Amino acid sequence: MEAHAHAPAPGAVRNYILVLCILGVLTFLECMTYFIPWFQEHRQVLFVAISIMGTVKFGLVVAFYMHLRHDAVFYREVFIIPLVLAIVITIIVTMLTSIRLIPYQHL
Amino acid sequence: MAAHATTGPVAHAPAAAHPPTSMGLPHLKLGFWTFLGSDCLFFGSLIATYMAYRGHSLTGPYSHSPWTAPDGHVVNHILNVPVTSISAFVLLVSSFAMVMALNGFQTNNRGRARLWIFLTAIFGLTFLGFQSFEFTEFYLNGLSLSQNLFGSTFFVLTGFHGTHVAFGVLWLLTLFVADLRKPIPPSKAINVETCGLYWHFVDIVWIVIFAFVYLIPVTEKGGF
Amino acid sequence: MATAAPLPQAEPAYSGSGVWSWLTTVDHKRIGILYGVTAFSFFLVGGLEALAIRAQLMRPEQHLVTGSAFNGLFTMHATTMIFLAIMPLGAAFFNYMIPLMIGARDVAFPRLNAFSYWVFLSGALLMNSFFVVGAFDAAPGWLSQIPNTGWFGYAPLTERQFSPNLAVDYWMIGLQILGVSSLAAGFNFIVTILNMRAPGMTMMRLPVFVWMTLVVQFLVVFAFPMITVGLIFLTFDRFFGTNFYISGNGGDPLLWQHLFWLFGHPEVYILILPAMGIVSEVLPTFSRKPLFGAPFVIFSGIVIGLLGFGVWSHHMFTTGLGPVADSAFAVTTMLIAIPTAVKIFNWIATLWGGHIVLKTPMYFALGFVALFIIGGLSGVMHASPPVDLHHQDSYFVVAHIHYVLFGGSIFGLFAGIYYWFPKMSGRMLDDGLGKLHFWLMFIAMNVTFFPMHFLGVDGMPRRIFTYYSSDGWDTWNLVASLGAFLLGGSMLIFLFNFFRSVRAGAPAGNDPWDAATLEWATTSPPPLHDFDKIPVVTSSRPFWDAKYGAHGAPKAKQEAVGGHGAAEHIVLPNPTIWPLVTALGILIFWTSFMLPGAPVFEVTGLGVLVLLFGLFSWLFEPLE
Chain A
1 MEAHAHAPAP GAVRNYILVL CILGVLTFLE CMTYFIPWFQ EHRQVLFVAI
51 SIMGTVKFGL VVAFYMHLRH DAVFYREVFI IPLVLAIVIT IIVTMLTSIR
101 LIPYQHL
Chain B
1001 MAAHATTGPV AHAPAAAHPP TSMGLPHLKL GFWTFLGSDC LFFGSLIATY
1051 MAYRGHSLTG PYSHSPWTAP DGHVVNHILN VPVTSISAFV LLVSSFAMVM
1101 ALNGFQTNNR GRARLWIFLT AIFGLTFLGF QSFEFTEFYL NGLSLSQNLF
1151 GSTFFVLTGF HGTHVAFGVL WLLTLFVADL RKPIPPSKAI NVETCGLYWH
1201 FVDIVWIVIF AFVYLIPVTE KGGF
Chain C
2001 MATAAPLPQA EPAYSGSGVW SWLTTVDHKR IGILYGVTAF SFFLVGGLEA
2051 LAIRAQLMRP EQHLVTGSAF NGLFTMHATT MIFLAIMPLG AAFFNYMIPL
2101 MIGARDVAFP RLNAFSYWVF LSGALLMNSF FVVGAFDAAP GWLSQIPNTG
2151 WFGYAPLTER QFSPNLAVDY WMIGLQILGV SSLAAGFNFI VTILNMRAPG
2201 MTMMRLPVFV WMTLVVQFLV VFAFPMITVG LIFLTFDRFF GTNFYISGNG
2251 GDPLLWQHLF WLFGHPEVYI LILPAMGIVS EVLPTFSRKP LFGAPFVIFS
2301 GIVIGLLGFG VWSHHMFTTG LGPVADSAFA VTTMLIAIPT AVKIFNWIAT
2351 LWGGHIVLKT PMYFALGFVA LFIIGGLSGV MHASPPVDLH HQDSYFVVAH
2401 IHYVLFGGSI FGLFAGIYYW FPKMSGRMLD DGLGKLHFWL MFIAMNVTFF
2451 PMHFLGVDGM PRRIFTYYSS DGWDTWNLVA SLGAFLLGGS MLIFLFNFFR
2501 SVRAGAPAGN DPWDAATLEW ATTSPPPLHD FDKIPVVTSS RPFWDAKYGA
2551 HGAPKAKQEA VGGHGAAEHI VLPNPTIWPL VTALGILIFW TSFMLPGAPV
2601 FEVTGLGVLV LLFGLFSWLF EPLE
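Protein sequence lines correspond, in order, to chains A, B and C.
Residue 1 is where the first sequence starts when you use my numbering, and the numbers rise one by one after that.
Residue 1001 is where the second sequence starts when you use my numbering, and the numbers rise one by one after that.
Residue 2001 is where the third sequence starts when you use my numbering, and the numbers rise one by one after that.
A portion of the hints provided could be inaccurate.
Unchecked claim - Here are the simulated DMTMM-like cross-link-like pairs (lysine to aspartate or glutamate), alpha carbons at most 20 Å apart as the crow flies:
1. C/Lys2533 x C/Asp2545
2. B/Lys1029 x A/Glu77
3. B/Lys1188 x A/Asp71
No lab work stands behind these hints, which were simulated from the structure alone.
Bear in mind that the values here come from a model prediction, so they are computed numbers and not experimental data.
Chain A extracted, bound-state conformation (with noise of 0.2 Å):
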C-alpha cells in the first residue's frame, strides 16, 4: 500500500555508530559484574545494576534503530502497552507460582 521512503536524516550513520559504541561499553560492563566477586556478593544491588544496563540497551535499540523516538506515536502506544503488559504479568505470575516444596535444596 503506501510506501514511505523515509530519507534518513543526514548523521543518521554517526548516531547508529555512537549508539553501537555505548551498547558495546554496557555488553562489557555487564560482563565485568560476572568477575567482579563484590558484585555477586550483593545480589540485589547486582539486579539493580543489570536491569539499569538491561534498560538502557533495549531502549537505545528501540529509540534509535527501531526509529520509534522519530516516528509515528502509535507505534510507540502499540508496543509500550503490551510490554507494560508482559512485565506486570510476570511479576504477578512470578509472584503467585511460588511452590516452596523443596526450595534451593541444591545451593
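Guided by the hints, dock chains B and C onto chain A, whose structure is given.
Quick look at chains B and C alone, frame taken from chain A:
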C-alpha cells in the same frame, strides 16, 4: 477508461487508486508494530515461566552453581557468561548492520544495502552458531529438556528465540537475493524496514534474556 | 442529484461461482460467508454434543454413554462452541461488515484474510479428526480418541502420564493452529479499522460494532500469545519430556491455569463484545433513534477490554492462592461489572422514547439484554471468593456460562444474522418464522438453563456423567434436558427459514430496515468492489443523514452518500491459491504428530516445504 477483460490479472494500479490511509501510516508498519506488541507477550510469558521456576530445579546441572552428577563428575555452573557476552555483542552488531543496510536501501546505495544486509545475516548466523555450540555443550554435560526445570525452561526460551533468529536470517537472505535479481528501490524500502523491525526486536529480546538468565545468578535466599 | 452512470471499474480475474473461485477468493464478503457457513455447521455439531450430554443426564443412573465418552462430549461441546462456532461467527460478521461499515473496499491484507480462514478450517478439521482416527483404532469406538480433559485442559490430567493416547494432542494442536488463524485476523482488522476508514470517518464516528471489533482484535493479539506459550509447554511436556507442569520434577500444574486463564478471561470478552456490538447496531435501528450515549458505550467496551486482563485468577479462587491474591482479583472482577452495566443502561435508554419496530432482529437484541443481565448477575455473585467456594465446579457456573454465552453471544449473533441476512443475500428471512424461532429459543433456553442455578446450589457438580436418584436432582435435570431438545427443535425452524429464504425469500433491496450505517448504502448483496464511490462521511450516522438530511427531511433514497471527487479507477486484489497452500503446509506439519506410526520427520519436512513454497509464492506474487 475501458472496462478490462474478465480473464487474466488486473492491470497494476496507479497510485491514485489507493486512497490515503486514515492514520497517514503505511499498513505494513502499523500491522507489524502491532505484531511486535503481541510478540512481547509471547516472550513475556516464556520469561515469566523462567523467572517463576528459577531455583526450583530438583536436580542439576544448575545455571550458576556446581552440581555433582550421579557418576561423580562435577559440572560447574553451566552458563558461560564471557562467551555469551561475546555472542550478545555479535547480535548487537548485527542490529547495527541492519540499520546500515536500511540506510543503504533508503538512499539507493546498492553497495551499502547489499553489503550490510548480507553482513546482518552473517552475524545472525554467527549468533546461531554460538547457540548451537552452547546447546551441545550443555547437553553433553547432562542438561537436557527433560533433566530438570532449568533445562526445560532454558531450552524452550532460548530455543524459541533462536527460531525467531533463524526466521530472521531467512528473511534477510530472501531480501538479499531479491535485491540481486531486481534492486529494491527506495519506494519499497519499507519491506527492508519491516525486516529491520523484526530483527531489532529479536535483538532486544536477547538483551532481556541475557540479563535475566545469564547475568543475574540464582540466589539461595529466595527471590531473584 | 441523479445517480451517476455506473463508473468504469476493473473486473476481477475470476468472478465465477465455481469451487476454484471459492478456494482462491480474497474478497472479504466471500471469506465472511465461508466463515459463517463453517461456523454454523460446527454450531450444529456442538449442539448435537450438547443434546447427547442432556440425553445422558436426563434421568439418574443412565448409561447411554460411558463416563469416558461423556468427558469427551463436554470437552468437545465447549471447545467447539467457543472456538469453532462463536468466534468464527463473529469473524463472519467482521469480515463481511467491517469494510462496508467503514467505507472501505476490503481489509488491509486480503490474502492474509484468506489465510486466516484456511488455517481456521485446518485447525477445526484436525481437532475433530479424532472421529476418523478413532474408527481405525484397535480399541473399538469412534469416540476412543475424543479429547476428554475439559475445554480448559488442566494439567496434570493432560500430561502424557495420565492421558497417554492422542486425544489431548488433537485438542492441543488443533487449538494451537486456531490461534494462528485468530492472530492473523487480529492484525488484519486492527490495521483495517485504524487505517482504511472513509474520508471524514473519525474514530468517534465509527459504528459501535466496529469499535467493539477493534477492542476484540486487541484482546486477541494480546491474549492469544499466552495460550500459545501454555500450549507449547504442554506440547513439550507430552512429546519431549519437559517438566513444565509436572510436580514430580518441580513443575507447577498451576502454571498452566495461570497461562490458560490469562488467555481465557480475555477470551470470554472476545466472545461477548461482538454480540454487544451487534446489539448496539440493532437496537437503535429498530428504535428509530441513535444509540444513547454512544461514546459511553464505546468507552465501556474499551474499559472492559483493559480490565479483562486483570481478573484471570477469579477462575482460580479454589486453588489456594491466598487471601491477598483472592481479594485483589475479587475487586477487579467486581469492577468489571460497572462498564458492563453502563452499556446495559445505555441500551435501555436507547429504547426509551423510541418508535419501537418489533421485527425479528429486535426480538433477539432485546432477548440478549434480558438474558445477559441474568448471566451477569450470577457472575457477579461468584466474583466473591467465599461464595465462589460453593459455586466452583457446580452447575451454578454452568448456568452462568450459558446465560452469558448462549443468552448473550448466541442471541446477539442471531440478531446479527437476521439483521444482515438481507444485505448478504439480497433476500429477507421470513419474519413470522423468525419470531417463532425466537420465542421457542427464548423459552427453551430458560427452561434448559435456569434450573441449573437450582442444581448448582443443590450441590450438583459439573462434569459428572450420571447421578443417583437419592441426590434429589432428578426433576430439574429432566426439565433441563427437555428444554435442550426444544432448543434443538428451534434450530430446525431457523434452518428451514434460512434455506427457504436463500432461494425464495422476498427481495430485500438495499435498505430494508431504514438503517443509518454505510453498509446499507450499497446494493444487497454488494458488488465485488463494495461501493461505486467511497463515501465522504460527516457524522456517525452517514447513511441516515444522506437519506434524511441533518433535519430529518426525507430525500431521494438512493442518493450517493456525499461522494465527491474524480471518478475512481477501482483496482481489486487478485484471487490467489497461495494462502490456502500455506495453510495446507501448516496442517501437514502438525499432522505428523497425529498419525500413529507415521514417518514424523518426513511428514514434518513436507509440511515445512509446502508452507515455504506457499509463502514464497504468496510474497512474490503482486497483490493486484
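We went through each hint and held it up to the structure:
This hinted pair checks out: C/Lys2533 and C/Asp2545 have alpha carbons roughly 17 Å apart, not beyond 20 Å. Taking the CA atoms of B/Lys1029 and A/Glu77, the gap is about 13 Å. The hint holds against a cut of 20 Å. Proximity of B/Lys1188 to A/Asp71 is assessed by CA-CA distance (about 18 Å); at most 20 Å being required, the pair is judged to hold.
In this structure, none of the earlier numbered hints is contradicted; all agree with it.
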